[in-house]
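Trainee: Spelled out from the first residue to the last, the chains are:
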Amino acid sequence: MSVPALEVVDLSYHYPDGTEVLRNAGFHIHPGERVALLGPNGAGKTTLVFHLNGIFRPDSGSVIVAGLPLDDEHVKEIRRRVGIVFQDPDDQLFMPTVGQDVAFGPANYGVEGAELQTRVNDALSAVGMLDVAGRPPHHLSVGQRRRVAVATVLAMKPEIVVLDEPSSNLDPASRRELADILTSLDITMLMVTHDLPYALELCPRSLVMNEGSIIADGSTRQILSDRELMKANRLELPLGFDPNLTL
Amino acid sequence: MSGTHTHALFVHGHSHLHRLPASTKLGALGLFVLAVVLTPRESFWAFVVHAVLILSAMWLAGLKPGFVAKRLVIEIPFVLFALFLPFVAGGDKLDVLGLSLSIEGLWGGWNIVAKGTLGLAASIVLTATTTVPDLLSGLERLRVPRLITSIAGFMVRYLDVIAGEMHRMRLAMLSRGHDPRWIWQAKAYATSAGALFIRSYERGERVYYAMTARGFAGQMPTFDAERATATEWMGALLLPAVAWTAVAVAVLA
Chain Z
1 MSVPALEVVD LSYHYPDGTE VLRNAGFHIH PGERVALLGP NGAGKTTLVF HLNGIFRPDS
61 GSVIVAGLPL DDEHVKEIRR RVGIVFQDPD DQLFMPTVGQ DVAFGPANYG VEGAELQTRV
121 NDALSAVGML DVAGRPPHHL SVGQRRRVAV ATVLAMKPEI VVLDEPSSNL DPASRRELAD
181 ILTSLDITML MVTHDLPYAL ELCPRSLVMN EGSIIADGST RQILSDRELM KANRLELPLG
241 FDPNLTL
Chain P
1 MSGTHTHALF VHGHSHLHRL PASTKLGALG LFVLAVVLTP RESFWAFVVH AVLILSAMWL
61 AGLKPGFVAK RLVIEIPFVL FALFLPFVAG GDKLDVLGLS LSIEGLWGGW NIVAKGTLGL
121 AASIVLTATT TVPDLLSGLE RLRVPRLITS IAGFMVRYLD VIAGEMHRMR LAMLSRGHDP
181 RWIWQAKAYA TSAGALFIRS YERGERVYYA MTARGFAGQM PTFDAERATA TEWMGALLLP
241 AVAWTAVAVA VLA
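Residue numbers (the working numbering), protein chains in the order written: chain Z, 1 to 247; chain P, 1 to 253.
By construction, these hints were calculated from the structure, which means they are not laboratory data. A couple of the hints might just be wrong.
[Unchecked claim] To give an idea of the chain P side of the interface with chain Z (calculated C-beta under 10 Å), a few residues: (1) Asp134; (2) Asp160; (3) Ser175; (4) Met220.
Virtual Cβ for every residue (Gly too), placed ideally from N, Cα, C.
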């Protein structure tokens, strides 16, 4: 098989106060896959996400992105390869205009001039937000901000995009628009979510995380149909939702 | 999400003044204010020249006098201070309607009000014709350190976010029976200010993570701001040039 786009091996981490957050977490994602990361609150999902580009460093274990190990030497390149879309777009969009925000990432990697402009235009076009390039982010709706947040990451041409709760706070129409955009992108994706129908729709494969470990790894439909597994990990489908009847 | 728009100061328009690059307008404002400050307080006619210059800029930008007047309200505390001066300053006195006013104080008060109003009105014209992102890139173009423009940019960006959080906290307090009309309930506000500070601090941390995640290593990237042409500079500097001429005549005369 090909070199995994992302490989996480035996990752363990505890907070300075001693709380264990990650316990031998391990999985790998191949290029082109779209994978959902499911789990209850406090399972360690967001902490895991922060390990994927070296914002947090593990006590033990390793992260390898497209063959490149995450260490001091490679951390900058790893941050280009792993694009994280944060849960709150207000955390992600901090520049005076949308265009400058999308340019921030590639500019940090020395892209400039006409190429930078092309990167910005391409990324904004991919999420259908090119017409707001000159506007300040706080004039956009939450749905638009979330799409721009995706563009800020796409502009860095990452190996893998990691989305933290992409459908949270979106109304049904914005949620649908975002799904259409995400499926139209030809990119490897890891999506942390509590929105199980969204996971089923967008990600053929899912990982279940609980108490800092990966408990299950398999087809999303199978995982959502496994009542024992779902119950043991505090996962619940919306009332009346049958994963085997949809799509 | 709701929230006030930060470009409350900006008035949409397509005038020549709107179209001038921000750097030239900032340069013109700086030089004009300097000229106003250096104008001898006795040269009333020079102040009239300055006022006419601002009025013509307002006319050029299509700004209504009422709009500028409303924004001048922010000056009131300083005006009050200036009104106070003739009563408290020492030196020779002048009797007006039975009031004993200090001549030095009258000049001092006039000086503050005239120069403050002119400077403020000029800034209002600038902010009404230039968006905040343009102002920031204009400042960068004028070689203001990037650290300063970045801090200003973050401030503008998060003012609405934090104001929104404050608004939600206020609504939460109201919903639970808090009635903020009474001064002795200020304690609730003091506590929520503390909570707001912690929340903003935590947001700062998350924003920093988001910046780091996109390769930030301590240096904000530069973006090419629009470069002003010689003609644009000349157009913008016409206004301070007239003001400086007036100052020169007033000082030399």
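Trainee: Given a cut of 10 Å on the nearest C-beta pair, is the interface hint for Ser175 (chain P) held or broken against chain Z?
Mentor: Because about 20 Å separates Ser175 (chain P) from the closest Cβ in chain Z, which is outside the 10 Å limit, the hint is violated.
Trainee: Does the interface hint hold: is Met220 (chain P) within less than 10 Å of chain Z, judged Cβ to Cβ?
Mentor: With Cβ-Cβ at 8 Å, under 10 Å, it holds.
Trainee: Would the hint on Asp134 (chain P) stand, with a C-beta cut-off of 10 Å toward chain Z?
Mentor: 9 Å, holds
Trainee: Report holds or violated for the interface hint on Asp160 (chain P), using the least CB-CB distance to chain Z and a cut-off of 10 Å.
Mentor: It holds, given that the least Cβ distance between Asp160 (chain P) and chain Z is near 5 Å, below 10 Å.
Consistency note: the structure conflicts with earlier hint 3 alone.
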